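Colleague: In case you want the letters, here they are:
2 protein chains.
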Amino acid sequence: MFESASLAHHVNKAAYRRAEPKLREALLNAQYDLKQDGRFSVLILIAGVEGAGKGETVNLLNEWMDPRHIEVSGFAEPSDEENERPRLWRYWRALPPKGKIGIFFGGWHTQPIVDRVARRISSGQFESHIGEILQLERMLVDEGVLLLKFWFHLSKAQQKKRLRELEADPVTRWRVTRKDWDLFEQYDGYVGVCEPFVRKTSTGEAPWLMVAGADPHYRSLTVGRTLLAALRERLDEKAVRRLPDRNPPLPPDVDRLNVIRALNLDQTLPKKDYQKELEHQQDRLNRLFRDPRMKQMAVVAVFEGNDAAGKGGAIRRVTRALDARSYQTVSVAAPGEEERAKPYLWRFWRHLPRRGRLLIFDRSWYGRVLVERVEGFCAEPDWMRAYAEINDFEQQLAQHGILVVKFWLAISREEQYRRFREREKVSFKRFKITAEDWRNRKQWDNYERAVCDMVDRTSTGGAPWTLVEANNKYYARLKVLRTLADAVEAALGRIDMAGKKNLEKKKGRKRGDR
Amino acid sequence: MFESASLAHHVNKAAYRRAEPKLREALLNAQYDLKQDGRFSVLILIAGVEGAGKGETVNLLNEWMDPRHIEVSGFAEPSDEENERPRLWRYWRALPPKGKIGIFFGGWHTQPIVDRVARRISSGQFESHIGEILQLERMLVDEGVLLLKFWFHLSKAQQKKRLRELEADPVTRWRVTRKDWDLFEQYDGYVGVCEPFVRKTSTGEAPWLMVAGADPHYRSLTVGRTLLAALRERLDEKAVRRLPDRNPPLPPDVDRLNVIRALNLDQTLPKKDYQKELEHQQDRLNRLFRDPRMKQMAVVAVFEGNDAAGKGGAIRRVTRALDARSYQTVSVAAPGEEERAKPYLWRFWRHLPRRGRLLIFDRSWYGRVLVERVEGFCAEPDWMRAYAEINDFEQQLAQHGILVVKFWLAISREEQYRRFREREKVSFKRFKITAEDWRNRKQWDNYERAVCDMVDRTSTGGAPWTLVEANNKYYARLKVLRTLADAVEAALGRIDMAGKKNLEKKKGRKRGDR
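Those sequence lines, one after another, are chains A and B. The numbering of the first sequence is the working numbering, which starts it at 35 and goes up by one. The numbering of the second sequence is the working numbering, which starts it at 35 and goes up by one.
For the record, the hints were derived by calculation from the structure and aren't laboratory data. Watch out, some of these pointers could steer you wrong.
Take a look, some chain A residues computed to stay more than 12 Å from chain B by CB distance [as the list claims (entries may be wrong)]:
id, residue
1, Ala49
2, Leu197
3, Leu243
4, Gly495
5, Asp530
With the C-beta cut set under 7 Å, the calculated list includes, among others, these residues of chain A facing chain B [claimed, not checked]:
id, residue
6, His44
7, Asn46
8, Lys47
9, Glu239
10, Met244
11, Arg259
12, Asn281
13, Asn425
Source: prediction; values computed, not measured. Beta carbons: idealized from backbone N, C-alpha and C, even for Gly.
Whenever a hint applies, use it, and build me the whole structure from the sequences.
Modeller: Following this line, the structure appears as structure tokens:
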């Protein structure tokens, strides 16, 4: 993998001086065309061995181009904020918008490699990080991001030569520390981990681009020209970049039965029973959220449902039970300008809660496979891949100890009609009903089909859907409250057990070690 | 994941009788159109729980369509032949050609699930199988295969009802054995493994298509209509199905140096020394291949190189050292008709050797990233993804204990000219030189670029490239022989160690168990 990058590549000063001004001008033009074009973002990953010119290259790119349209993110030790979110949160956070160039100095590759070199993670865990990275990079490419992954390399001999040279010069001697030589000693182990990593994460659409790091002129021209060629190729494309439809159609309806129609939407519940039980469940939820173990987890509750199914009312019955500092509600409507400029999951990643907190989504990422699918806002290949992307996303939350609880509030077509009419009549409810609601209603069957596919393809052991029969609001609210409280209670219980289990594992490992 | 498929779906007899003839006719028409069209093959995977109508569906599809253009492959316990090949060999072997429908009853999903349910493999190994499956399915889709994965499901209650009903009827009582009830007892464990498997292997292009298995009419119409819709969608497509170019360009040449130009092609070696050393290395190779440990491994040697670089001569020096029963040589030229009808790696998989043997490829799968790239026989996205596909392929060989040794024989442009001329002059060498050779020669620089990218992207720890300076034939042949013998010797050594290691592991596990 590192054959070419280990050679003594060299560009002399005169040749570099001739080439550089032209390259800079062309890069600057491309950067402005990118801004103008605005159809895609560029993400540059800077990776590789120490001393191979990674930092210098980042500085150079900023110098060569207009730094106002470049966003550099350096990733070192994660912050407190970051540590309380899933591993990939900080990279999502830093994704550049369309029209701009983002440079990640260090990235999602760094930690798994470092941890594997130090044997802090097993080869199985390393593989699982690699799987996560493949999913992420594929999603970015599918979302239209121009992803350029540069790997800077120095051979062991080149590495040694560099340290010796720095030491020999009194001006640069201070730059070489004991730690540098320690790292040098680990060179073989490091490259031994990097080689399979680079191989397994080099795909057709997101290949690692090798850069021989020893000669600054050669290195700079290589990066600059590769970036330029990639930008031009994409900018000069005539047709719209669109995935071909390679998806087989999902099975058609054969009988009239589906998971929604199988529900008995008309449940009954006397008001008196409702009020008593409401108080009980709210009290229960309140106590659960004040449990000290809650500090080790977080909860994300997703509310989806037919228009006028009573999502808002159900959410309020939940939040009323809680301390206002412990939850947040995010209402999801059509994406804003900033959100449209990022991959579609970005606007949900950004809200992810810290530990101990409840985050409520009033509508959510499932819009991708509901309204966007039905209304044709995204193409079939895009919503088809979304099921897997959403499952991956929710799995990452689960792995980080975030409990995901998902509700679909279902009402009948007749009940919806009744509620729409009522909203139109009652003046203080009129804001709740728009022409769009009536339009959506015409697509009833298509929405139902989309909901069934969604439940089938995203109801998982870790994050199951709860279907809520909601023609009766009392019944629906209680089912929501009870399900949420049950799920939180069970998750807190697992923390106990997980704690015990970890302890046992550690003991076991110590015993088995060496 | 199994929500819809657990419902009591039902189609009554009358409705089925009305629907069936139309569906059959449409399927038959689609099948003939597929044969006529000939641009793609269809692969149907039949998976899911016992008793959900998998076998019945396979029979039905054969009945509904023309069985002469359907290839059914049932995969139960692997045969001796299959056990001596990498795990995926038997599936590659059975891939249908373009224009036909292949049905896999059981497939690459079966063994990992069964092994995981029985705890014969760890969750890490299970994940790694899932990764392998994702790679394979993506490759098939990229190669244009229409992949339809049907998952047949029965809920636990449905499963129980079915067994009870079979037992109650004296005619069918014999069909229910103790084993069936044992399997039923394991239902929860089985589905607990299947659920994450189905989730993780459901992608946009290769989603699992859920089939409720309890009602035969419903099940049959679901499969038939899904198959029909998928066939028609693809057959009625106007444009050629082509991947968009989502690949960034590989780094351009910045200086004149590369891994080929870094070689000193003109090595010297007196004939006397050559003959003595030749004898020694051949003797050594002969002894290595007669080593009893050889029965636990196999060797694949790949020879690539410039035209007239001496591949044939080097191969003959290897084979002369060996018992004729222990090796096979495969000369790879343009693919034949049968080969063009399958994914491009098929024609290499088919030759994979049994244990104890050496398989020599005179040219190989690297044609994809050499001649096919340079001559434009395949599009950029196709050769770009080939690097990862080839690495995956070679890793699967390595995991199965097949040693892969790869040689690139390099001669200079001048030396090639000299050899071409000589071939034209000497009557018994004239067959070796064609107009194509002269044409290829004009593309010298493009080939060189392709070779460098190939080495950079496919020289891995497990299967490194050996670059052979070949202007001097004696030197080249000895380097080949010595490298091969060294690699085989080292691999045999690892078998010893691996044996010991395995033993230790087993002991350790026993001690740690329960």
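Colleague: The structure should be examined with respect to each hint, and the outcome stated for every one.
Modeller: Structure-based check of all given hints:
| no. | hint | result |
| --- | --- | --- |
| 1 | Ala49 | 8 Å, violated |
| 2 | Leu197 | 23 Å, holds |
| 3 | Leu243 | 5 Å, violated |
| 4 | Gly495 | 5 Å, violated |
| 5 | Asp530 | 22 Å, holds |
| 6 | His44 | 6 Å, holds |
| 7 | Asn46 | 9 Å, violated |
| 8 | Lys47 | 13 Å, violated |
| 9 | Glu239 | 4 Å, holds |
| 10 | Met244 | 6 Å, holds |
| 11 | Arg259 | 5 Å, holds |
| 12 | Asn281 | 6 Å, holds |
| 13 | Asn425 | 5 Å, holds |
Going down the numbered hints, you'll see the structure goes against 1, 3, 4, 7 and 8, while the others check out.
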